[in-house]
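All chains, please: the whole structure from these sequences, using the hints.
There are 2 protein chains.
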Amino acid sequence: MSNTANAKLQIEKVKESRVSSIDFSDLAFGKTFTDHMFYCDYKNGAWQEPKIVPYQPMTIDPSARVFHYGQAVFEGMKAYKDDNGKVFLFRPDQNFKRINKSAARLAIPEFPENYFFEGLKTLVNMDKAWIQPGVGNSLYLRPFVIAIDSAIAAAPSESYRFMIICAPAKAYYKGTVRVLIAEKFSRSASGGVGFAKAAGNYAAQFYPTKLAQDRGYQQVIWTDADTHTYLEEAGTMNVFFRINDTLITAPISDRILDGVTRKSLIQLAADNDIPCEVRPIKVSEIVEASKDGSLKEIFGAGTAAVISPISAFEFQEQVYELPEVNEHSYSSRLKSKMLNIQHNLAEDKNGWRMEI
Amino acid sequence: MSNTANAKLQIEKVKESRVSSIDFSDLAFGKTFTDHMFYCDYKNGAWQEPKIVPYQPMTIDPSARVFHYGQAVFEGMKAYKDDNGKVFLFRPDQNFKRINKSAARLAIPEFPENYFFEGLKTLVNMDKAWIQPGVGNSLYLRPFVIAIDSAIAAAPSESYRFMIICAPAKAYYKGTVRVLIAEKFSRSASGGVGFAKAAGNYAAQFYPTKLAQDRGYQQVIWTDADTHTYLEEAGTMNVFFRINDTLITAPISDRILDGVTRKSLIQLAADNDIPCEVRPIKVSEIVEASKDGSLKEIFGAGTAAVISPISAFEFQEQVYELPEVNEHSYSSRLKSKMLNIQHNLAEDKNGWRMEI
Chain A
1 MSNTANAKLQ
11 IEKVKESRVS
21 SIDFSDLAFG
31 KTFTDHMFYC
41 DYKNGAWQEP
51 KIVPYQPMTI
61 DPSARVFHYG
71 QAVFEGMKAY
81 KDDNGKVFLF
91 RPDQNFKRIN
101 KSAARLAIPE
111 FPENYFFEGL
121 KTLVNMDKAW
131 IQPGVGNSLY
141 LRPFVIAIDS
151 AIAAAPSESY
161 RFMIICAPAK
171 AYYKGTVRVL
181 IAEKFSRSAS
191 GGVGFAKAAG
201 NYAAQFYPTK
211 LAQDRGYQQV
221 IWTDADTHTY
231 LEEAGTMNVF
241 FRINDTLITA
251 PISDRILDGV
261 TRKSLIQLAA
271 DNDIPCEVRP
281 IKVSEIVEAS
291 KDGSLKEIFG
301 AGTAAVISPI
311 SAFEFQEQVY
321 ELPEVNEHSY
331 SSRLKSKMLN
341 IQHNLAEDKN
351 GWRMEI
Chain B
1001 MSNTANAKLQ
1011 IEKVKESRVS
1021 SIDFSDLAFG
1031 KTFTDHMFYC
1041 DYKNGAWQEP
1051 KIVPYQPMTI
1061 DPSARVFHYG
1071 QAVFEGMKAY
1081 KDDNGKVFLF
1091 RPDQNFKRIN
1101 KSAARLAIPE
1111 FPENYFFEGL
1121 KTLVNMDKAW
1131 IQPGVGNSLY
1141 LRPFVIAIDS
1151 AIAAAPSESY
1161 RFMIICAPAK
1171 AYYKGTVRVL
1181 IAEKFSRSAS
1191 GGVGFAKAAG
1201 NYAAQFYPTK
1211 LAQDRGYQQV
1221 IWTDADTHTY
1231 LEEAGTMNVF
1241 FRINDTLITA
1251 PISDRILDGV
1261 TRKSLIQLAA
1271 DNDIPCEVRP
1281 IKVSEIVEAS
1291 KDGSLKEIFG
1301 AGTAAVISPI
1311 SAFEFQEQVY
1321 ELPEVNEHSY
1331 SSRLKSKMLN
1341 IQHNLAEDKN
1351 GWRMEI
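Protein chains in written order, with my numbering: chain A, 1 to 356; chain B, 1001 to 1356.
Please keep in mind that the hints were generated in silico from the structure rather than gathered at the bench. Honestly, I wouldn't trust all of these hints.
[Unchecked claim] Have a look at the derived ranges for each label pair, beta carbon to beta carbon:
1) 251/A / 1183/B: 19 to 29 Å
2) 1355/B / 59/A: 35 to 45 Å
3) 1027/B / 133/A: 54 to 64 Å
4) 1009/B / 282/A: 54 to 64 Å
5) 59/A / 1134/B: 31 to 41 Å
Glycine included, each C-beta is placed from N, C-alpha and C at the ideal position.
Given below as structure tokens:
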């Protein structure tokens, strides 16, 4: 069934772009935003007129439900520019489907498909001067929906705002990442919202991650809440393990995000004759594999980081070091293949690129 | 260790109160707010000057972390007025401790004790004309903290806003409540944030609750995520069961909120020679007790609802009806005792009232 709506996109342009004032060589992730933003309000049971306006603060009541009950979901996507100035999105259909899946789980009305794509494409096109060409550069796109009812009853909001904001980006994680495997804290419950990009899932990880950082780790790898014996995902990434020549990643579930990078890497592995198993993987299996030398790699996978190699993990107060990454590592090979597809430098046999 | 700060509370009063325009006989919960609000911003590593200003919308960037990562916690409290016009809070020390416990779990800096109490008391005193006397009437107080950094990196915010807003209230649930016992969806994981009043905990319940409502139930009683065999809490309430003459409620844990009403009822039960057991309670135990007639009552307990009697529950597609509530029911007796203490109509032997 198609999910479309009929209002015309309204556009108000900035008088003068800020892009010439930006030092693209020195950008902190997610703090600089482009000239414009997209938004569309839901009220009286329907999504209203979608709009692109100059990026600006919003006015919102202190009683807005998003502040009190965390009724908010988001997506992370990127736009890429090739050396000829062409601009591409990467599998935006996946993000569209997922934001509505996340929304449904949080009792947020689904967003119309045509508003999403028209808004996204028009916005990226208007602000394409903000996209630097070159592998590693991108424009990070953040669609999100928040509950804006001025009412503090603990019930779903009757009004929402869908927005897209854009931030020029370089690679998210710099350097190698050391991770702590969770033994006490948890990210999500079976039957909960772990599979959704629900805002509250992220804040819940900040404190355990801070504790890990205080001990010299950049991220936590989450395990199942019941037994802490199965490896699930990292804070903002899915996780892959390489034992001997086989990649392994956990199956998605209601606790694990259905990552676009994750599923693309599984396909790329198949395309490149890299054996890849999607199955539950125990902490004990990677501990044993590390001890006998068969654990070759661990890496995180996500839109922001693309692929983030992990250099060591700690579990039960033991630290396990991984071999150094080189150009033959799966993480290097797959990352290069992903980036080349995203930046229009390689054939796109799976039809993942969408030119704007 | 005392947790205090030194700035003087700044006050800006409304020119004219709106209170005379309010129809207190016809108030939807949480949609009408008093003349003033309290707020205090955190930046540069410290809580800044606390302020009371006219209630008003706020200006916030679309990239504010609260919108993206749900870094937000809150409290629910009430102020009561007796027939002589005296105003009381109920165990505000418990709410103060809990908001900072919630904050710590979400990597939010703790709020100073003196700012909390001076802000709360001054605000309630300024807006006390909004409190109707009479049992059942109250002023609902909503302290909350939100992450306001303009940055979408998935990490704790460096700036926050602590606020208190106030809404005149009557009893929260009207009529009897039928509940569905969760068999698939979950509220929280061991090692997660279920014990905290974290915003995201609430949005995660809206969809399963809506499904329950579509089937004629007002609330869900959550069970443990691992096995769905233990009764934990209702959406916005702790839950008590009466089997024969004994009250039973689940122990608090990292999955269950340490409710102020819950702990007050446990003490009131002791004060009134009502046997009360705090122990894990299985769904099968109340199913059996319902079948053999020993299950006399189930009720929810929380600040908003005080006590909310449950008239029926469904589990595994079987509906179990509870006996009708009368004035001898524990729910009636305990609710009456709580309200009388809160409204200064009974002795306060535990020292729970704080006069403003």
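Notebook entry, point to check: Is 19 to 29 Å a correct range for the gap between the Cβ atoms of residue 251/A and residue 1183/B?
Noted result: 22 Å, holds
Check: Honestly, do residue 1009/B and residue 282/A meet the 54 to 64 Å range at C-beta?
Finding: Holds, at about 55 Å.
Check: Cβ-Cβ distance between residue 59/A and residue 1134/B: within 31 to 41 Å?
Finding: 36 Å, holds
Next item on the list: Take the C-beta atom of residue 1027/B and the C-beta atom of residue 133/A, compute their distance, and say whether it sits inside 54 to 64 Å.
Entry: 58 Å, holds
Margin query: Taking the Cβ atom of residue 1355/B and the Cβ atom of residue 59/A, is their distance within the range 35 to 45 Å?
Written below: Taking Cβ atoms as reference, residue 1355/B and residue 59/A lie about 37 Å apart, which means the hint holds.
When held up to the earlier numbered hints, the structure conflicts with none and fits them all.
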